[in-house]
Every structure is written in C-alpha cells, then in structure tokens.
Amino acid sequence: MSWVSNFLTSSIGKKLIMSLTGLFLISFLVVHLAGNLQLLANDGGKSFNVYAYFMTHNPFIKTISFGLYAGILLHAIQGILIALKNRSAKGSRYAVSTGANASFASKNMALLGTLIFAFLLIHMGDFWFKMKFGAVDMVAYDGIDYKVQDLYDKVLTSFKNPLVVVAYLVGLIALALHLLHGFQSAFQTLGLNHKKYTPFIKGMGVIFSILVPIAYAIIPIYFFLFK
Amino acid sequence: MSDMNLTLKVWRQKNNNDSGRFESYQVAANEHMSFLEMLDVLNQTLIEKKEEPVAFEHDCREGICGACSMVINGRPHGPQGGTTTCQLHMRHFKSGDTITIEPWRAKAFPVIKDLVVDRSSFDRIIQAGGYISVNTGQAQDGNAIPIEKDLALQAFDAATCIGCGACVAACPNASAMLFTSAKVSHLGLLPQGEVEHSKRVQSMVKQMDEEGFGMCSNTGACEVECPKEISITNIARMNRTYMGSVFGSDKTV
Ligand code: HEM
Ligand code: SF4
Ligand code: FES
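Those protein sequences? They're chains A and B, same order as listed.
The numbering used here applies: residue 1488 is where the first sequence begins, and numbers increase by one.
The numbering used here applies: residue 10 is where the second sequence begins, and numbers increase by one.
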C-alpha cells in the first residue's frame, strides 16, 4: 500500500485532504445553521430544545458528530502543518511587497483558521461542554413524554454577555474570510476548474461565504438586543 | 531622449553563505532602455570604479529564455504584466524613482550571487518526466495527426512557459505548481505526449515535492506575475490527472 501513503504525503494528496475536510465542514455549517435558526422561533425554546435532544440522542447523528470532530481536527492540524511547511519553503521574505497579486484571505488561511479554532473552543466550552458535563435544567413540554435539557436557557444567558457576542462576531468574520477563499479553492484543489462551471462555483462561494456567517450572526445579535 | 536619474536598492550577496544586504546606487538612464540595459549602465560605472558589478542572469533579451529573473519593487519581472525583465522598458518608471531589486526568494532557489539564483531544481523536474521518450521523427505533415483546434491552443498556451521561476518567486508558499502543471499540460494534451502522461505526472510531482517547493494554496499570485500568462487552470488539470493517475492507473513512481 506504499502508493497510498505516497499519495497522502504528496503535496497534492495533502491538499486533497484539506479540500475534502473543508467541504465536509461546509456541509456541516448548513445543517448546524438550519437547526440553530430554530432559536429564533417564538416558542420559549421548545422546538430548539427538542431538536437538540434529537441531535444528541439519535445514534446516527451521534456517529456523524464523531466524524465531524475528527474532520475539524484533521483539517486544523493538516492546515497548520501545511502552513508551516510553506513558510519554510519560502525562506526569507521580500523587502518590498505590494500584496496586490493575491487576496488577503488566500495568504492568511492559517491565521483565519486559528481564529475560527479559538472561536470553536469558546463555543464548545460554552454549550457543548455544559451540555455534556455541566448542569443544565430539564424541562418538560406538552405532547412530549420525556424531559429535555433547557439549552435555550443557556443560550439566553450566554448572549446577554457582550464579550461573548463580540467573540462570536469576530469568529464569524474570520469564517467569512476563510470561506471567501476556501470555498472555490476546494474545487480548484479537486481539479474542478471548468469554463462553464467555475464562474458558478465562484459566485456560489461568495454568496455562501457572506450569507451563512450573517445568518449565524443574527442569532447572538437578536438575543443580545431583544431577549 | 529624456534622461532619468534613479536610485537603485540592489540586493548584494557574495555567495550562498553570505547573508546579503541592500546597497544603494545612483544611475543615469533613459526611458528607451530596457531594464537590463539600465543595469548594464550601472555595471559599467561600477567596473570603471573598480567595484564588483551586480551579477544578474540574462541571455536572449527577447523574452523567450527565462533567464532574467529578478523581483522589481516587490514584483517578479517588474510592474508590467505579461512581460519579462528584459522586455520591460524604463518608460514605466519616472526620473527620481527608487527601485528595489531582489533575487527570487525560495528555499528551492538558493542565491548563487547577488540576483542570480540556482534554478536547477526546475531542470530536475523536467528530467523526471518532462520529455517524450520515443523519437517522434520528422516534422509531421500538418494533417497527419488531427488535433482539435482548442486542444492545440491549450497545449500551445502551456508550452509558452519559459521556465523563468517567477511563479515560485511570486508564490507566498514558493510552490512550483504553475511551472510543473504547464509542462505536464503541454505534453499531456498532445497525442505524442499523451502516451506517457500518466507516469509523467506522477514522476514530475514527486520530483517537485522532493525539491522542497511549497504546496499550492490557490492564491493565484503565480498567474498574475507569470510573464507568459500561464493560467492556473493548468494546476487544476495537473491535480485531477495526478489523482487520476494515482488511483486509476497501475503506475506507481
Ligand atoms: C467551519 C470551519 C472551517 C471550514 C468550513 C473550513 C473550510 C476550508 C476550505 C473549504 C478550505 C479550502 C481547501 C482547499 O484549498 O482545497 C480551507 C483551507 C484551509 N483551512 Fe479551513 N475551514 C474551517 C476551519 C479551519 C480551522 C479551524 C483551521 C486551522 C486551525 C483551518 C485551516 C485552514 C488552512 C490553513 C487552509 C489552507 C490550506 C492551503 O490551501 O494551504 N480551517 N478551509
Ligand atoms: S509558469 Fe510562467 S512564471 Fe512560471 S516558470 Fe513558466 S513562464 Fe515563468
Ligand atoms: S533574457 Fe531571456 S527572457 Fe529575459
């Protein structure tokens, strides 16, 4: 199987891993957003809490979520290793640099990724950790014969803290920039550069990179201002 | 002929062990000179003063050999797009300008002296597979091997790569993907080269990695600075044919 390890350690193989894990994380962003927008429903948190219960108890979703943790770690570790190798391949920098020939995001993917990772740690510490290991009150709803954790209440208290809201917004801006380059870059890495489809992929990438972070940002802003 | 007085900040480095530094020089040029002619004027004055002339590479001086590598004010081959340093004219600068001139910067292109870097890593990538092993004989009759016009154009566009290394110089990762993909494409798109394409792409990528070039982040800086305007669609082609060759053929290199 040496050809497999040759491939995975080749420059193109390493980038393929970035591309596939990146696209996987993009698909996760959509699912996660769809679920979380239920926080905006005016039902005292019922639909969100029931949804959160389903996501944490369904064996299929639980399996996928382990894939997700592995995917994020693989993407982050591989990304940092690539960035370090690239930095040393360049060696010294130019005295004069116009910076005009490539976008800021494309040259700072590792920095943006690190910001996203820092955000993820805050985010997971705030919700995931409390949900798994902390004390979250249980609530019962009409028509549902089991009690669920009142995560909605946790969201409510977290987003009253302006520092948390700012941390979320910084994380989401980093995500938007990461995707502005990353979305289309993932397709180029896969070798999908095509006269007919590439303009569409690039357009989709820009729309996605702006709309998705904005939709996420609405949640903390809405809770901070109106709840 | 209008005269120009320029200040040059030139990278001077005795050899690969020297750490190198910038030296400032005044030079009188005129707007009809090429950039290299302006450097010739500088070197003439240095020689007359019994100082060491600035070492820089040049050969054809008509934009086809790829020798004239230097970074001018932060841009490989200078400010004009699609142009080599030898074809860059001084009318793109103003009298009184300060021009900073540096060598290509990449681990795989060690500095030999001043602005001259060792690009033999590119030669070794070519030696790894950038050729056709069989004798293709006399020039073919125009229609003996039908090739679709679009394909011929794509191959030709890729074949205009002069191996100058500006792509590596421009890349923040010092990646050689544009160069290597141009070579892989120009041979692989045509019938005579297509035969060995699968093996070639694996061999050339392997050599490229061994030379210590960085990985491609798809920043696109290379295609902006390439004097031959080679497109990064070639990189996508190399990515997919490399993966196709690794997974779809029985070849391992
Ligand atoms: C939800 C989170 C994330 C998403 C959706 C995402 C998505 C992507 C995508 C699509 C790419 C392009 C892959 C390619 O060029 O083929 C990419 C590249 C990259 N990502 Fe992420 N990413 C995320 C988080 C992170 C994190 C946490 C890190 C690191 C700590 C990171 C580091 C990088 C780096 C360094 C690259 C550039 C690799 C290169 O081209 O040289 N990303 N990301
Ligand atoms: S791809 Fe362009 S920049 Fe790179 S070596 Fe060829 S001609 Fe020079
Ligand atoms: S000297 Fe030959 S391309 Fe410039």
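Source of the hints: derived by calculation from the structure; they are not laboratory data.
Values in this document were obtained by computation on a predicted structure and should not be read as measured data.
Each hint should be verified, as a subset may be incorrect.
[As the list claims (entries may be wrong)] The list that follows gives simulated cross-link-like pairs (lysine-lysine, DSBU-like), each with its CA atoms no further than 30 angstroms apart:
(1) B:Lys18 x A:Lys1501
(2) A:Lys1594 x A:Lys1549
(3) A:Lys1594 x B:Lys18
(4) B:Lys158 x A:Lys1501
(5) B:Lys122 x B:Lys59
(6) A:Lys1572 x B:Lys58
(7) A:Lys1594 x B:Lys260
(8) A:Lys1682 x B:Lys18
(9) A:Lys1501 x A:Lys1647
(10) A:Lys1572 x B:Lys59
(11) A:Lys1501 x B:Lys260
(12) A:Lys1549 x B:Lys260
(13) A:Lys1619 x A:Lys1501
(14) A:Lys1682 x B:Lys158
(15) B:Lys116 x A:Lys1572
(16) A:Lys1549 x A:Lys1617
(17) B:Lys122 x B:Lys158
(18) A:Lys1617 x A:Lys1594
(19) A:Lys1594 x B:Lys116
(20) B:Lys122 x A:Lys1682
(21) A:Lys1501 x B:Lys116
(22) B:Lys23 x B:Lys158
(23) B:Lys103 x A:Lys1572
(24) B:Lys158 x A:Lys1572
(25) B:Lys260 x B:Lys103
(26) A:Lys1689 x B:Lys18
(27) B:Lys103 x A:Lys1683
Now the hints, each set against the structure:
This hinted pair does not check out: lysine 18 (chain B) and lysine 1501 (chain A) have alpha carbons roughly 39 angstroms apart, beyond 30 angstroms. Between lysine 1594 (chain A) and lysine 1549 (chain A), the direct Cα distance comes to roughly 35 angstroms. Violation of the 30 angstroms bound is thereby established for this hinted pair. With a C-alpha separation of about 27 angstroms, the suggested pair lysine 1594 (chain A) and lysine 18 (chain B) falls inside the 30 angstroms cut-off, and the hint holds. A threshold of 30 angstroms between alpha carbons decides the hint, and for lysine 158 (chain B) with lysine 1501 (chain A) the separation of about 35 angstroms lies outside it, so the pair is violated.
For the given pair, lysine 122 (chain B) sits about 18 angstroms from lysine 59 (chain B) by alpha-carbon distance, which is consistent with the 30 angstroms threshold. Note on lysine 1572 (chain A) and lysine 58 (chain B): the hinted pairing is violated, with a Cα-Cα distance of about 44 angstroms set against a maximum of 30 angstroms. For the given pair, lysine 1594 (chain A) sits about 35 angstroms from lysine 260 (chain B) by alpha-carbon distance, which is inconsistent with the 30 angstroms threshold. Restraint check for lysine 1682 (chain A) and lysine 18 (chain B): not satisfied, since their Cα atoms lie roughly 43 angstroms apart, outside the 30 angstroms limit.
With a C-alpha separation of about 42 angstroms, the suggested pairing of lysine 1501 (chain A) with lysine 1647 (chain A) is violated against the 30 angstroms cut-off. A distance of roughly 43 angstroms separates the Cα atoms of lysine 1572 (chain A) and lysine 59 (chain B); the hinted pair therefore is violated under the 30 angstroms criterion. Of the supplied pair hints, the one linking lysine 1501 (chain A) and lysine 260 (chain B) holds, its CA atoms being roughly 20 angstroms apart against a limit of 30 angstroms. Among the hinted pairs, lysine 1549 (chain A) with lysine 260 (chain B) is inconsistent with the structure: their alpha-carbon atoms are about 40 angstroms apart, more than 30 angstroms.
Only pairs whose Cα atoms come within 30 angstroms are accepted, and lysine 1619 (chain A) paired with lysine 1501 (chain A) is rejected, the gap being roughly 34 angstroms. Between lysine 1682 (chain A) and lysine 158 (chain B) the alpha-carbon distance is near 16 angstroms, which keeps this suggested pair within the 30 angstroms criterion. Pair hint lysine 116 (chain B) plus lysine 1572 (chain A) holds up; C-alpha atoms about 11 angstroms apart against a cutoff of 30 angstroms. For a cut-off of 30 angstroms, the pair hint linking lysine 1549 (chain A) to lysine 1617 (chain A) stands: about 17 angstroms separates their Cα positions.
Only pairs whose Cα atoms come within 30 angstroms are accepted, and lysine 122 (chain B) paired with lysine 158 (chain B) is rejected, the gap being roughly 44 angstroms. Straight-line distance between C-alpha atoms of lysine 1617 (chain A) and lysine 1594 (chain A) comes to about 36 angstroms, which puts the hinted pair past the 30 angstroms bound. Using a Cα cut-off of 30 angstroms, the hinted pair lysine 1594 (chain A) and lysine 116 (chain B) holds, with the two alpha carbons roughly 18 angstroms apart. Our distance criterion of 30 angstroms between C-alpha atoms is broken by lysine 122 (chain B) and lysine 1682 (chain A), whose separation comes to about 43 angstroms.
Only pairs whose Cα atoms come within 30 angstroms are accepted, and lysine 1501 (chain A) paired with lysine 116 (chain B) is accepted, the gap being roughly 20 angstroms. Of the pairs offered as hints, the one joining lysine 23 (chain B) and lysine 158 (chain B) is violated, with about 50 angstroms between alpha carbons and a cut-off of 30 angstroms exceeded. In summary, the hint linking lysine 103 (chain B) to lysine 1572 (chain A) is not supported, as the alpha carbons are separated by about 39 angstroms, beyond the 30 angstroms threshold. Taking the CA atoms of lysine 158 (chain B) and lysine 1572 (chain A), the gap is near 41 angstroms; set against the 30 angstroms cutoff, the hint is violated.
Between lysine 260 (chain B) and lysine 103 (chain B) the CA atoms are separated by roughly 56 angstroms; this puts the pair beyond 30 angstroms, and the hint is violated. Of the supplied pair hints, the one linking lysine 1689 (chain A) and lysine 18 (chain B) is violated, its CA atoms being roughly 40 angstroms apart against a limit of 30 angstroms. A C-alpha spacing of about 43 angstroms is found between lysine 103 (chain B) and lysine 1683 (chain A), which places the hinted pair above 30 angstroms, so the restraint is violated.
Violated hints, listed in ascending order, are 1, 2, 4, 6, 7, 8, 9, 10, 12, 13, 17, 18, 20, 22, 23, 24, 25, 26, 27; each of the other numbered hints is respected by the structure.
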